[in-house]
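Visitor: So in numbering that gives the first Met the number 0, spot 247 of the sequence shown is number 246, and the numbers just go up one at a time.
Fair warning: there could be bad hints in the mix.
The calculated lysine to aspartate or glutamate pairs, modelled on EDC-like cross-linking and capped at a C-alpha distance of 20 Å, are [to be verified]:
(1) 76 / 41
(2) 76 / 26
(3) 76 / 208
(4) 76 / 58
(5) 76 / 206
(6) 76 / 88
(7) 76 / 57
(8) 76 / 153
(9) 76 / 125
Label pairs and their in silico Cβ distance ranges [stated by the list, open to error]:
(10) 228 / 62: 34 to 40 Å
(11) 133 / 162: 19 to 25 Å
(12) 254 / 94: 23 to 29 Å
(13) 254 / 29: 29 to 35 Å
In short, the hints are calculated from the structure, not lab data. We treat Cβ as the ideally placed atom computed from N, Cα and C, and that holds for glycine.
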Amino acid sequence: MTTTAIDSGPVGQGGGSQPRAVIVVHDVSGLVATGELGTIGDRIAQHGIRFDLLTAGDDPFPDPAALDLVVIMGSDKSAYDDTIPWLADELAYLREAVRAGTPVLGVCFGGQLLARALGGTVRPAERPELGLMPVTTIDQAAIPTGPWMEAHWDTFTVPPGARRLAWTPDAEQAFRFGPHLGLQFHPEITPTVFETWTAVWQARGHDRELAAMGHDLAALRAEIARRADACRAASYTLFDSFWAHARTYRRARTLGGA
0 MTTTAIDSGP VGQGGGSQPR AVIVVHDVSG LVATGELGTI GDRIAQHGIR
50 FDLLTAGDDP FPDPAALDLV VIMGSDKSAY DDTIPWLADE LAYLREAVRA
100 GTPVLGVCFG GQLLARALGG TVRPAERPEL GLMPVTTIDQ AAIPTGPWME
150 AHWDTFTVPP GARRLAWTPD AEQAFRFGPH LGLQFHPEIT PTVFETWTAV
200 WQARGHDREL AAMGHDLAAL RAEIARRADA CRAASYTLFD SFWAHARTYR
250 RARTLGGA
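I would like the entire structure built from these sequences, with the hints used as guidance.
Guide: Here it is, written out as structure tokens:
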């Protein structure tokens, strides 16, 4: 477990001098785990949010009621695969966070798992997406058009009662349920994040599989580098909107006694 502390920041929703969060990663730890956070980790820190970085299955989950934010990052696993040893506990934790009213941000696998926790479904995608792609959005302030980094072979349905925010022809891309936001794409992408991914892909043989499918990782690496500043700006806009909405929603719920 890695803890990132900020010296000062806004007053947390759950009490105390700083907002507190947990960011959950999967099957990675140490510097590799930190390398996956990208712009999301940067923006969380810039908001003065203190966070613990946990690896699912390796580290215990903290009480979500004591947190101001839960972030679930991506994975090369499938959110519908109940044979994964750590999946049931993480799914139960997400449902507990939802019951506690603690805002959840789910990224790719995390968005799929959040959809499942809220009653949606996850299944293999008919056409997987890999690359920087624009999305159709109903709310540019919350989800800019992008392009956003796609890297998924599964897809989710928008959960009952959630608001559909963005999509592509091949997959749902974003939904909101109360203070929670589920994403299919990867707003955190940076050149460093992509290098972290490709190192893991190479170690697991996925790079050869992607090449056989016709994906040019060198060209994608160059495009990510070329668009890095625009991707960062869009990611910051997305997180700022999510965080403002989550804080307003939770504050209203607290004042209303819900």
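Visitor: Could you check the structure against the hints above and give me the numbers of any it violates, in ascending order?
Guide: 1, 13
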